[in-house]
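Participant: Here's the letter readout for the chains.
There are 4 protein chains.
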Amino acid sequence: MSSSLFAAAELIVPGLQYPTWFAEADPKFGENIRNYYEFARENDLLATHTLIPPQVNRSVSGSEQLGGQLSARIVEEREDGIVIRGAYSYAFAIQNDAPGIRYLCRTSLHNGGSVFDEPLASRYEEMDAVVIFDDVFVPNERIFMLGHPELCNGFYSETGAAALMTQQVVTRTIAKSQFFLGLASEIADSIGIDGFLHIQADIAELIVDVEIGRALMRAAEVDAELNSWGMMQPRWATLNAARNWYPKIAQRFPQIIRTFCASGLMALPGEADVLNPDVVPDIEMYLQGKTLTGPERVKLFKLAYDASISGFSSRQALYEYYFFGDPVRMAGALVNGYDREPVRARIRELLAREE
Amino acid sequence: MSSSLFAAAELIVPGLQYPTWFAEADPKFGENIRNYYEFARENDLLATHTLIPPQVNRSVSGSEQLGGQLSARIVEEREDGIVIRGAYSYAFAIQNDAPGIRYLCRTSLHNGGSVFDEPLASRYEEMDAVVIFDDVFVPNERIFMLGHPELCNGFYSETGAAALMTQQVVTRTIAKSQFFLGLASEIADSIGIDGFLHIQADIAELIVDVEIGRALMRAAEVDAELNSWGMMQPRWATLNAARNWYPKIAQRFPQIIRTFCASGLMALPGEADVLNPDVVPDIEMYLQGKTLTGPERVKLFKLAYDASISGFSSRQALYEYYFFGDPVRMAGALVNGYDREPVRARIRELLAREE
Amino acid sequence: MSSSLFAAAELIVPGLQYPTWFAEADPKFGENIRNYYEFARENDLLATHTLIPPQVNRSVSGSEQLGGQLSARIVEEREDGIVIRGAYSYAFAIQNDAPGIRYLCRTSLHNGGSVFDEPLASRYEEMDAVVIFDDVFVPNERIFMLGHPELCNGFYSETGAAALMTQQVVTRTIAKSQFFLGLASEIADSIGIDGFLHIQADIAELIVDVEIGRALMRAAEVDAELNSWGMMQPRWATLNAARNWYPKIAQRFPQIIRTFCASGLMALPGEADVLNPDVVPDIEMYLQGKTLTGPERVKLFKLAYDASISGFSSRQALYEYYFFGDPVRMAGALVNGYDREPVRARIRELLAREE
Amino acid sequence: MSSSLFAAAELIVPGLQYPTWFAEADPKFGENIRNYYEFARENDLLATHTLIPPQVNRSVSGSEQLGGQLSARIVEEREDGIVIRGAYSYAFAIQNDAPGIRYLCRTSLHNGGSVFDEPLASRYEEMDAVVIFDDVFVPNERIFMLGHPELCNGFYSETGAAALMTQQVVTRTIAKSQFFLGLASEIADSIGIDGFLHIQADIAELIVDVEIGRALMRAAEVDAELNSWGMMQPRWATLNAARNWYPKIAQRFPQIIRTFCASGLMALPGEADVLNPDVVPDIEMYLQGKTLTGPERVKLFKLAYDASISGFSSRQALYEYYFFGDPVRMAGALVNGYDREPVRARIRELLAREE
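Chains as they are written, first to last, in the numbering used here: chain C, 354 to 708; chain P, 354 to 708; chain Y, 354 to 708; chain X, 354 to 708.
Derived by calculation from the structure, the hints in this document are not laboratory data.
Heads up, some of the hints might be wrong.
Remember, identical chains collapse to one label, so a pair may be satisfied in a single copy or spanning two.
Said to hold, decoys possible - Here are the simulated SDA-like cross-link-like pairs (lysine to any residue), alpha carbons at most 25 Å apart as the crow flies: (1) Lys601 with Ile435; (2) Lys652 with Arg697; (3) Lys601 with Met683; (4) Lys643 with Gly690; (5) Lys529 with His463; (6) Lys652 with Glu578; (7) Lys643 with Arg693; (8) Lys652 with Pro452; (9) Lys652 with Glu478; (10) Lys601 with Glu673; (11) Lys601 with Arg693; (12) Lys652 with Arg455; (13) Lys601 with Val681; (14) Lys652 with Asp631; (15) Lys381 with Ile427; (16) Lys529 with Glu395; (17) Lys381 with Gly434; (18) Lys529 with Tyr477; (19) Lys643 with Thr403; (20) Lys529 with Ala625; (21) Lys529 with Ser467; (22) Lys381 with Ala528.
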């Protein structure tokens, strides 16, 4: 379990490459992160991470919540480690069942239905939780950073972690766009709506989204360069555009699916009916599609439902929208980090040109 | 249970006013509808209705589905009534448990949680179902229309039923807009986001929606006129605009709630935690809002969740979007039914004006 | 010519009704405004107004521009009047050619074409200008307010001037919406596009806008009440919604016209060609519409051009967008001035309800 | 001057590469196109093209307009060439002043102002016109295709001309996006608005658009392949997405500039004032920006005006919107030409998967 400042999962790979970055603070931190990387690799560990302090009063910053009592902080520094209850700049890893760690989970989005009834939620639900550090002891060898807020603040940009992490995210978002394009296409075909202009406009929108995602990734990789740590790093400006673009367009995906299915998402019995021989004739007769049998169409529409109506689908949309933070704030970061001088200079040249 | 052409619930009130409309087809139909109105009133009956034939192949019309086998139709005309399996123009009422009626329901959107955990779904879930008429006998005295497709097709517009029904719908949609305005306001206050310009823009959008809804209703009622049946009828052009406007703007409501709550919809434990004395201190500490205690904030956010993330909320959005039919088709009907000649004439006058 | 704080044109009517409001500051101000009202009425004067200080640095407020040198201010107080070069709270009127007043006009949007070629710009262009007060003397009898910033700041809301002014604005905007509905309808008919679903969707949008505007006005007037000055005042919440709604939807109007006309706005000769007998046969043949002769269609499309492509049309769109100020700021004012307590209370009641 | 079916400008390059394509119809066509290519190259000719038949009645196709009288067609086939008045499948080139050719031009968008007052229109206005073929003789050696409608219809896709032409278009649209990003940045800086979140959101939108355009081009070129004519052809699916994406997002560009400039586009004198020594002090004082002198700011805002308000700017927006045809129709073409089978197959695999 890493700190609220950055995440163990993301520390692992940089851990191999950049022990010197951690060692800038303390040589043992460099050693710790390398050891942890090897430990995770050899034991095939899965790491999760804490991301942000709980939301209480968003008109003040995270570390100011409740006068600083809210986010995790160090309450004791011992010979052999530290005890955590608060905010400070640090990075560490700890096992999920360490004494003092508690999880406050949300209600599951898998309502207990079968793979037929909840094809996505039954397989892909991932829990969100508030993690509480109630005087948790972190041994010295799992501490990767302590103090050095200026180092911590620069972690993502200095080490290239932001670019590498975004590359992985864009891979995921392309797959999701493709999923929605495939799903919308199957639905349109199954109920014979693919000839309508407004349906084609929506499918075209999904095609464009898939191709834009693919092109952003391709261009970022083609223009990758060795960074100062000796690692190939995809072009950041391209990936930064991708992560500002996707959260907004992804909100359209479930809307498109809903528009395609319409009442078909309401008149939708479940697996119990499909397996019931008394009911099957009605499903065969009244719920058939243009190209699918009744049970096949119910199965396809259950997938549509879990991608556009269920709590699982809505949490997915929310997750993508806020993945890198509030888009309103991200815009400012994009503007400040992007080199606009070349395009600005061309405007000044045009204005200065004598005819 | 009425036919797919119009709905018993809507027949009841016009039934009192317009027996002569039904009597145009047959005097006994006028008598039947009046008797049914009185029967429903005296016995305090709740009527539901069937709306549309099942969706199979949307590239052909409802009555052409599967060569006409799909929608309900009359298979036998007897001395004492009719037997239903198909499409024809008629109106009738029948009890929900009449022999031969079967319902194919969708999975419930109330997942079994408490009023705390599912504050809307636990109270307001209403079932959707496919209704199957398997040789259902309808006695003569419950038949309100048979044959006369030209009368049937004109029912909504000729009798004023469309205007009266839309007035009721607009009442509902204003209440929903107000619900979202109130909810968004409570959330913004509870987590201290009400000072941000982009949050204020969203609240302003909800205020404008509430006031537009209210003004449309007010103007329609103020300009009501007696129709040819002697009944006060709100101004149709105004209500017709309202029913074309609301389905689109209503899609924004859950999006606004999601944007306000953000991660607060993910870090959201349930009633079991709030009632667990071991967990309450954590909820008190880490899930408090700026102006609410932890349990109060969890309760408010559960409502936000059920209004913007749950399957219940998404089905609501879908329901409003398609309430009167596909907005793409409704636009054509609005255009064709609206008197644009006065505004067109003014353009022609401007073009003809000599200076 | 009034100050930058409020406008002579708007002072005139309240001047009749509210001399006591002005008299709160000084009895002679009450007398002055009444006299000016009568003077304007008897001499049939047209008043214009200055609205805002020049835009220099929008990251500071108007009165802070260039350390306060930018906006008009009083540089001398004499026995018989004041001399204006700066910012203070005051209201006055002055003739447009008073010594020391200079106007810096923008380039005209009427390019000198005929009524045929520029049907709107040739008739309705209204000049915008920066007004410079270079030590302008304002005699005592034309001063309506001096000092008393707290009175000045409350002028619009306290006197009902905001509501009366907005009522006039909404009248204008309804007429504009109707103009675009009429124009779009004439175009659609003339080139035979009125059967396409996406064209109908755009016409339906214009119908809905016309009806919403009309309903907002109707509801505001129906719910008018006598204000504390004994004047009937339309319902402010309704009009406030109207003025927050229109600036955004009006941006769509020229876009719709462009979409309808497409290449017809490019292949568009002018009056010189229509009057040239050598060219008329080509225009008759190649520029005819489905329902119009070539010259008629050219005339209609010239109007479409001046409503959707010309500099005149774009300045109109900009004018409506910023009429009451930056919509981003107006949203905050709407939120702060609207009574949300009733809808918020209903949320709290729902949360408190025991089942 | 080429036919309405395809354009001389685009014939030139393929002319070199694909004489065999033309020769499929007739060996002399292959020879003609090669000769014309060399003639154009050696004489440094600029070719323009006709694009579409005039708009009359858009509810029927171009060739059905006025019973076929409207579009160009062959009225005589002679030994030494053809005489043109009509529609047929052919391609040819002819000098602009050939006997019988007439142009019906639109009014110029350059209003005669200086480079200062109309920085874009004075330099970059390009005329649109209806071209009339009044029995125009085309000699045999300038005919590249005659008859063979099936060859003509496949020209763009079969020869790769669509991809090559789109590559050129995307180059242009990237430059335009960069222009608007540079312009918006210069404006924001000049009046001190770059710190506002909603301004940053708009700049971020422009950055994302620039980077998406760049990535689409980069990816299309990186994945170029030799086509069957031995020519490197950029990846079509990527470019096809680009040309469906840009027409819509480009409509936002002038809107963003307007929002940034606001009243600054109204209080905007011209070069005559800037050159007038009596007026310059007022411009220096009252029209200065945060970082620019008055005259500099007026010059920058004149550019903003010509990019967002003038008839020139609106015609640009219209031009981009309809460049490849009506976006509503283009969507259908994109959908039909895109291989969705791989993403559809993955949906079917998911549905078929047993857990």
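Participant: All the hints need checking, so say for each whether the structure fits it.
Facilitator: Hints and how they fare:
no.	hint	verdict
1	Lys601 with Ile435	neither (41 Å within a copy, 55 Å between copies)
2	Lys652 with Arg697	between (54 Å within a copy, 15 Å between copies)
3	Lys601 with Met683	both (12 Å within a copy, 23 Å between copies)
4	Lys643 with Gly690	between (52 Å within a copy, 23 Å between copies)
5	Lys529 with His463	within (20 Å within a copy, 28 Å between copies)
6	Lys652 with Glu578	neither (46 Å within a copy, 40 Å between copies)
7	Lys643 with Arg693	between (53 Å within a copy, 19 Å between copies)
8	Lys652 with Pro452	neither (45 Å within a copy, 30 Å between copies)
9	Lys652 with Glu478	both (19 Å within a copy, 23 Å between copies)
10	Lys601 with Glu673	both (9 Å within a copy, 23 Å between copies)
11	Lys601 with Arg693	both (23 Å within a copy, 23 Å between copies)
12	Lys652 with Arg455	between (39 Å within a copy, 21 Å between copies)
13	Lys601 with Val681	both (11 Å within a copy, 20 Å between copies)
14	Lys652 with Asp631	within (18 Å within a copy, 42 Å between copies)
15	Lys381 with Ile427	within (19 Å within a copy, 70 Å between copies)
16	Lys529 with Glu395	neither (31 Å within a copy, 53 Å between copies)
17	Lys381 with Gly434	within (13 Å within a copy, 80 Å between copies)
18	Lys529 with Tyr477	within (13 Å within a copy, 33 Å between copies)
19	Lys643 with Thr403	between (48 Å within a copy, 22 Å between copies)
20	Lys529 with Ala625	neither (29 Å within a copy, 34 Å between copies)
21	Lys529 with Ser467	within (22 Å within a copy, 33 Å between copies)
22	Lys381 with Ala528	neither (40 Å within a copy, 51 Å between copies)
Hint compliance for this structure: hints 1, 6, 8, 16, 20, 22 are broken, all remaining hints hold.
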